[in-house]
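Enquirer: Each chain, letter by letter, is given below.
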Amino acid sequence: MAAVRTSSEIGFNRAAIVAVLVVTIIFLAPIYWIASTAFKPRNLATTIPPTVVFQPEISPFVKLFAKRSQLRSPPTPEEYAAAPWWERVVFNGGEKIVRDGKGEVQWSGYPSRFMNSLIVAITSTVLAVGMGTFTAYGFSRFRVKGEADLLFFILSTRMLPPVVVAIPMFLMYRAVGLNDSHLGLIILYTAFNLSFSVWLMKGFMDEIPKEYEEAALVDGYTRMEAFFKIVLPEAATGIAATAVFCFITAWNEYAFALIMTSRRAQTAPPFIPSQVGSGLPDWSVIAAGTFLFLLPVAIFTFLLRNHLLRGMSFGAIRK
Amino acid sequence: MATTMITTLDRSSRAAARGLSDISIRNLFIIPTILFLIVFNIFPLIYSLGYSFTDFRASTNAPANFIGLQNYRDLLNDPYVWLNFAITAKYVIISVAGQLLVGFGVAMLLNRDIPLKGLLTTLLLLPMMLSMAVVGLFWKLLYDPSFGIINYALGLGTFEWLSDPNMALYAVALTDIWMWSPFVMLLSLAGLSAVPKHLYEAAAIDRAGPFYTFFRITLPLVAPILMIAVIFRTMEAFKTFDLAYILTSQPTAELISIRLYKMAFQEWQTGRSCAMAYIVLIMVLAITNIYVKYLNKVKER
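One line per chain: the protein sequences are Y and U, in this order. Going by the working numbering, the first sequence opens with residue 81, and the numbers climb by one from there. Going by the working numbering, the second sequence opens with residue 3, and the numbers climb by one from there.
The set of hints was computed from the structure by calculation and includes no laboratory data. Remember, predicted model here, so these are calculated numbers, not experimental data. A few of these clues could be false.
For the chain Y half of the interface with chain U, some residues (derived, Cβ under 7 Å), not all of them [stated by the list, open to error]:
1. 211
2. 231
3. 232
4. 241
5. 334
Coverage of chain Y stretches by chain U, computed from C-beta distances (three or more under 8 Å per stretch; other residues unrestricted) [stated by the list, open to error]:
6. 90-98
7. 169-181
8. 217-229
9. 340-354
10. 379-387
Sample of chain U residues with no beta-carbon within 12 Å of chain Y, all distances over it, derived [unchecked claim]:
11. 46
12. 76
13. 81
14. 84
15. 91
16. 180
17. 183
18. 231
19. 267
20. 275
Glycine included, every Cβ here is placed at the ideal spot set by N, Cα and C.
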């Protein structure tokens, strides 16, 4: 920029700032709409004109976690008084929570799907990042025959459309009984994330000066000791960033989960759309499920903000 | 070079005597990963290559019969499969072009001193981190003809986004543009901030107009990084499954991945779907190759 700014330049700058704000609002509108619908009573979720100002409610979340049915008649005052506070908000919406003979609340399918997502995403992340860190160190520090080819092979395993890989995997899993199991999904996601983790971690490893280990080796450390005591602490940030990326990928994955799981090991992404089903969907409950599901990723995005570019480009661009 | 130095150092040090040798550590670190990827990525593909020459159906117990290249011949002669490829190509072009325009445009706007720039950038990046399937589902509500906020905000009445055969593909592409423009923006911002400031100063001294400055300085210098963005997005758009599968069931929006999914897991034509998967695989490799070659050309310049 020239040292002296003309008035038209300043005006252009202001217009650009306004434009950026407008774009940000448009981009965030769908996410805001999910979050706000999650706190709306059912009848306000699909109104025209859209309801923007409303009394936030917890009922969509209560309904999300428990099985529920329509109320034929309004609850009696005794029923109403006996019910816990969270059940009253469901009464107010014309529904009641289903209980078994002993009066235990019947859980909906959501909590178990959410747990499955956590189990599968966390385990596969630990495995992929663990193996990836060792392998990246190997590629970074030692001479490997055909290194470029091997690295390209590792990357290419991730380039294929998931359905292409899923067809043979489905047949193989069916043969060994891994269909609809946590282990099956964990193996798939580990394989999927491993290539990513090797590529990203190699970049981080390359940035750690070799002199650190050399000094340690001269001091009488074995290579293993040097790796665990010197390299790993230095690589901690890189490992954390890689882990968050792997977690998000596994957490968000849909196609494999849709094909490989149906009930027991089903994760949230194929489950949430299946709730829409037939008839009039309860969008506030779907929004509540979506909101809870997106929350961890939104938090991680903020924690990761300085590494996003690097992660999203497979470490091709460093900053 | 440095590696050899470590090796020689290592050999003479006391530690080498009690620890593992570098070669065995290297093998210990690398071989398990390679084996894991071969078993779970390459072996399945070999397995399905075998099935692609058969009439196997996973829904029956009937043994698979070897039918040679019949599946491939049928698929390549099937006009519907070609239609799926054409739809996919159209989708890739619309959505990548849209992302390039929006992403690069927003990056141009953001490439100046703006209060809270870091926060705004992070907020803009949020859509691409979220689950395509789950957020895509919610776009169904946004697109709803009678109570969706998009029609309300744009005053479109009861415009059919997803159930109109002519519109469905564009609606899917629009959601994809919303999700992935931030990616192009992120890469463009990195490219824009790397353009040396003195070039702009020199252009200002020469009284170059904004168009000249943009086309002769900004664009050529950012082009390589934009190409990387296009490569990544083309590959991803070609693979698209979740978003289109969840948003619409219109045949006019049936991308190749969806066709493949239906063939394999709804019609249970397992052998034929394996052949189809191989056709897609070869196309993916071809596209990657063309782009990598182009990328190297851009780099050489």
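Enquirer: If a hint holds in the structure, say so; if it doesn't, say that too.
Expert: Quick rundown of the hints versus the structure:
Interface hint status for residue 211 (chain Y): upheld, as the beta-carbon distance to the closest one in chain U is roughly 5 Å, under 7 Å. For residue 231 (chain Y), the interface hint is violated, since its Cβ never comes within 7 Å of a Cβ in chain U; the closest pair sits about 11 Å apart. Given hint, residue 232 (chain Y) at the interface with chain U, is violated; its Cβ is 10 Å from that chain's nearest Cβ, farther than 7 Å. A hinted interface residue such as residue 241 (chain Y) counts as satisfied when its beta carbon comes closer than 7 Å to some beta carbon of chain U; here the least separation is about 4 Å, so the hint holds.
Evaluation of the residue 334 (chain Y) hint against chain U yields a held restraint, the C-beta minimum of about 4 Å falling below 7 Å. Under a criterion of three residues with beta carbons nearer than 8 Å to beta carbons of chain U, the stated coverage of the region 90-98 of chain Y is upheld, 3 such residues being counted. Only residues whose beta carbon comes within less than 8 Å of a beta carbon in chain U count, and the region 169-181 of chain Y has 0; fewer than three means the coverage is violated. For the region 217-229 of chain Y, the proposed coverage by chain U is satisfied: 7 residues have a C-beta within less than 8 Å of a C-beta in that chain, meeting the threshold of three.
Three residues within the 8 Å Cβ limit are the bar, and the region 340-354 of chain Y against chain U gives 5, so the coverage statement holds. Under the rule that three or more residues need a Cβ within less than 8 Å of chain U, the assignment of the region 379-387 of chain Y holds, with 4 such residues. Against the 12 Å criterion, residue 46 (chain U) falls within the reach of chain Y, whose nearest CB is about 4 Å from its own CB. Every beta carbon of chain Y lies more than 12 Å from that of residue 76 (chain U), the smallest distance being close to 17 Å; the non-interface claim holds.
Against chain Y, the non-interface label of residue 81 (chain U) holds: every CB pair exceeds 12 Å, the least being about 22 Å. Once the 12 Å rule is applied to beta carbons, residue 84 (chain U) is consistent with being away from chain Y; the minimum gap is 18 Å. For residue 91 (chain U), the requirement that its beta carbon stay farther than 12 Å from each beta carbon of chain Y is met, with the minimum near 15 Å. A Cβ of chain Y approaches the Cβ of residue 180 (chain U) within 12 Å, the least distance being about 7 Å, so the stated non-interface status is violated.
With a least beta-carbon separation of about 8 Å from chain Y, residue 183 (chain U) fails to lie farther than 12 Å from that chain, contradicting its non-interface assignment. At roughly 8 Å, the least C-beta separation between residue 231 (chain U) and chain Y is not larger than 12 Å, which violates its mark as non-interface. At the 12 Å boundary, the C-beta of residue 267 (chain U) falls inside the reach of chain Y, the nearest C-beta of that chain being 6 Å off. At the 12 Å boundary, the C-beta of residue 275 (chain U) falls inside the reach of chain Y, the nearest C-beta of that chain being 6 Å off.
Taken one by one, the earlier hints fail for this structure at numbers 2, 3, 7, 11, 16, 17, 18, 19, 20, listed in ascending order.
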